[in-house]
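Undergrad: Sequence order for the protein chains is A and B. Using my numbering, the first residue of the first sequence is number 1, and each one after it goes up by one. Using my numbering, the first residue of the second sequence is number 1, and each one after it goes up by one.
Keep in mind that a hint or two might mislead.
[Claimed, not checked] Computed cross-link-like contacts, DSS-like style, restricted to lysine-lysine with a CA-CA straight-line distance of at most 27 Å:
no.: 1; chain 1: B; residue 1: K104; chain 2: A; residue 2: K188
no.: 2; chain 1: B; residue 1: K111; chain 2: B; residue 2: K73
no.: 3; chain 1: A; residue 1: K188; chain 2: B; residue 2: K115
no.: 4; chain 1: A; residue 1: K188; chain 2: B; residue 2: K153
no.: 5; chain 1: A; residue 1: K188; chain 2: B; residue 2: K285
no.: 6; chain 1: B; residue 1: K111; chain 2: B; residue 2: K167
no.: 7; chain 1: A; residue 1: K188; chain 2: B; residue 2: K73
no.: 8; chain 1: A; residue 1: K195; chain 2: B; residue 2: K287
no.: 9; chain 1: B; residue 1: K111; chain 2: A; residue 2: K188
no.: 10; chain 1: B; residue 1: K115; chain 2: B; residue 2: K153
[As the list claims (entries may be wrong)] Just the calculated beta-carbon pair ranges, DEER-fashion:
no.: 11; chain 1: B; residue 1: E54; chain 2: A; residue 2: F130; range: 40 to 48 Å
no.: 12; chain 1: A; residue 1: Q169; chain 2: B; residue 2: E122; range: 23 to 31 Å
no.: 13; chain 1: B; residue 1: E122; chain 2: A; residue 2: R104; range: 52 to 60 Å
Read the hints as simulated data drawn from the structure, not as lab findings. Just so it is clear, CB atoms sit at the ideal spot from N, CA and C, and this is done for glycine as well.
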Amino acid sequence: MQNWNLYSRGDKLFVRINAVLIGLFALSTLYPFIYIASVSFSSAFAARAGKVVLTPIDVTLSAYAHVLSEPQFWNSYGNTFIYTIGGTLTSLLIIIPGAYALSRPQLIGRRFWNLMIAFTMWFHAGMIPFWLNMRDLGLLDSMIGIIIAFACNAFNIILLRNFFESIPQSFEEAARMDGANEFQVLWKVFVPLSKPAIATITLFCVVARWNGFFWAMILLTDEGKVPLQVYLRQTIADLSDDEEFSSTLIDAAYSVETVTAAIIVCSIIPVLCFYPFIQKYFNKGIMLGGVKE
Amino acid sequence: MSGVLLQNIVKAYGAAQVVHGINLTVQEKEFVVLVGPSGCGKSTTLRMIAGLEEITEGQLSIYGKVVNRIAPKDRDVAMVFQNYALYPHLNVADNMAFGLRIRKMPKPEIKQQIKNVAEILELTDYLERRPADLSGGQRQRVAMGRAIVRHPKVFLFDEPLSNLDAKLRTQMRAEIRRLHNRLGVTSIYVTHDQVEAMTLADRIVVMNDGRIEQVGTPMELFMNPANIFVAGFLGSPPMNQMPGTVTEKGVEIDGIIIAVSGNLSAQVGRKVIVGIRPEHVSLQKEKGTTALPINLDLVEPLGSEALLHAQFGAHQLVFKTETQGSIDHLSDVSEVYVHASMVKLFDAETGEALPL
Ligand SMILES: Nc1ncnc2c1ncn2[C@@H]1O[C@H](COP(=O)(O)OP(=O)(O)O)[C@@H](O)[C@H]1O
Ligand SMILES: [Mg+2]
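Extracted from the complex, chain A is given alone in its bound form (with noise of 0.2 Å):
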């Protein structure tokens, strides 16, 4: 803590309730991941009767046993794959360039463009006709449905709006009288420039589309074709259904706790890999030196 002698005593009371306050949050979003990674080491028994509080109790790993030596659980893993690459490209390949468009002064009837770009966050038309108008457009129970239906995201295309926005002028300018068009001068200025913001877009993209589980449950109906999540929630009613599983449980090696637990660690793994080789992009501070204020 720099200069902490000089802090008044209001200040270091101040400090000290923000650390233990950040310290409890902490916690409280840590400790769930915790849990689960524990329940999903844990013995069927140990789980199924609430022994598990922190760490694995009967270590065992029979609960990935299961999980991984389903075809349908490597089927589905696949196409969150599917669903999460080709969507945020998808949605990046329309956002950057709507965005950029809409934050050129010269656009024809930007305000227009604008606003109803703006008027799908506040009104949506509800699922009924969304589901219908996939119906119509021959979209339901397709991959490319999924991926294309969800991909142009109106928060993003204004968040990347503003901080284009934000861009001096001078910089475009720059790029023009250096002969770029304005292709180039989005691609080779504007998106070098605004790398913070495209990754901040980026990671929505990925952990909407990765989390992505309810219009895939009501748009697809082929077990080949659906994600994890969904595929987690089939084991989840599966296992639960299934009668003759129940009534062997005390001797079971896994439990529904248990497989869910280690189907959502192996859903978690790959975003706890992408999060820090994305996070070096969040360093603020890129314009600094570009121009004087």
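Position chain B with the ligands against the provided structure of chain A, taking the given hints into account.
TA: Coordinates of chain B with the ligands only, in the frame set by chain A:
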């Protein structure tokens, strides 16, 4: 052939006209400075030449070609921005190479160009650095380097030194002029700083409120300002101004008649503004001078020169004089002498210089 030719150039933003029909010829290899108070339309004019603003009316030609409807990239002009606008994500070499790469210049040639320009601007040791890691003066040089590597027909500068501290500004000013002497590229330079204008320009264009007040060499403008605006704008401290009336023998101010050179007979009785530059008085009586009785109230030493603040009748005037190593002899000055040829007269109504 002229380098840049502006014919009746008008700029309007909606209903608001900010540049009112400018005519200007910039010769090939000439260094022209547009100077004027803030908001007078200098940047707008420059940006129309660059192609960053549309021209509302009139015709703009660059090296004989009308470019009103030509995109900036096809005008073969380069611009140095006030805030430099260096690409923060690129290092110095890539900043300079940006335009060349877009124009698809072969790689070895780009490398050679950057090497040459870096040497001229003494940036060789900084080529790998990002703009954020450079000092203000270095950034300024990179901004110039980015313009120079392209070998454009015309350089445009929009207040490129205004973000530097005073010392660096003086240094970079000289550097820009040396560079111009070396490269000989037609240049148009915008500033609100009259010292920059005087020191840099082959010719100065004084602008005010969207119009050109006067065009000429720095000394022409200094010695023979066309109107009271130019007289007051150029020179530091500014020209002393007093209301007076033309008589047979000279110009009368509060009962004192000051000799003026030139033929006044046609102007007798005319109300005028009398202009005397602070540096155009002497402390010794000489032939052809008029004595101005003054009440000295302050002496400000500047080193080799000193400013005398004094009252002349009801008028507060400033004079500049040499110190000769001491200001002791200045404290009892009660008269200054002004030569007839150094007294300028402007019409009291229009502010135009009187033809004498
Ligand atoms: N985009 C614009 N819209 C409306 N008025 C503008 C615009 N840009 C500049 N102006 C006006 O034009 C006038 C000249 O501006 P400018 O050329 O920037 O002056 P300066 O001589 O200080 O460079 C100013 O009064 C300014 O308010
Ligand atoms: Mg300006």
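Undergrad: Work down the list of hints and note, for each, if the structure agrees.
TA: Comparing the hints with the structure gives:
no., hint, in the structure
1, B:K104 with A:K188, "holds, 14 Å"
2, B:K111 with B:K73, "holds, 21 Å"
3, A:K188 with B:K115, "holds, 23 Å"
4, A:K188 with B:K153, "holds, 25 Å"
5, A:K188 with B:K285, "violated, 69 Å"
6, B:K111 with B:K167, "violated, 33 Å"
7, A:K188 with B:K73, "holds, 16 Å"
8, A:K195 with B:K287, "violated, 74 Å"
9, B:K111 with A:K188, "holds, 20 Å"
10, B:K115 with B:K153, "holds, 21 Å"
11, B:E54 with A:F130: 40 to 48 Å, "holds, 44 Å"
12, A:Q169 with B:E122: 23 to 31 Å, "holds, 30 Å"
13, B:E122 with A:R104: 52 to 60 Å, "violated, 38 Å"
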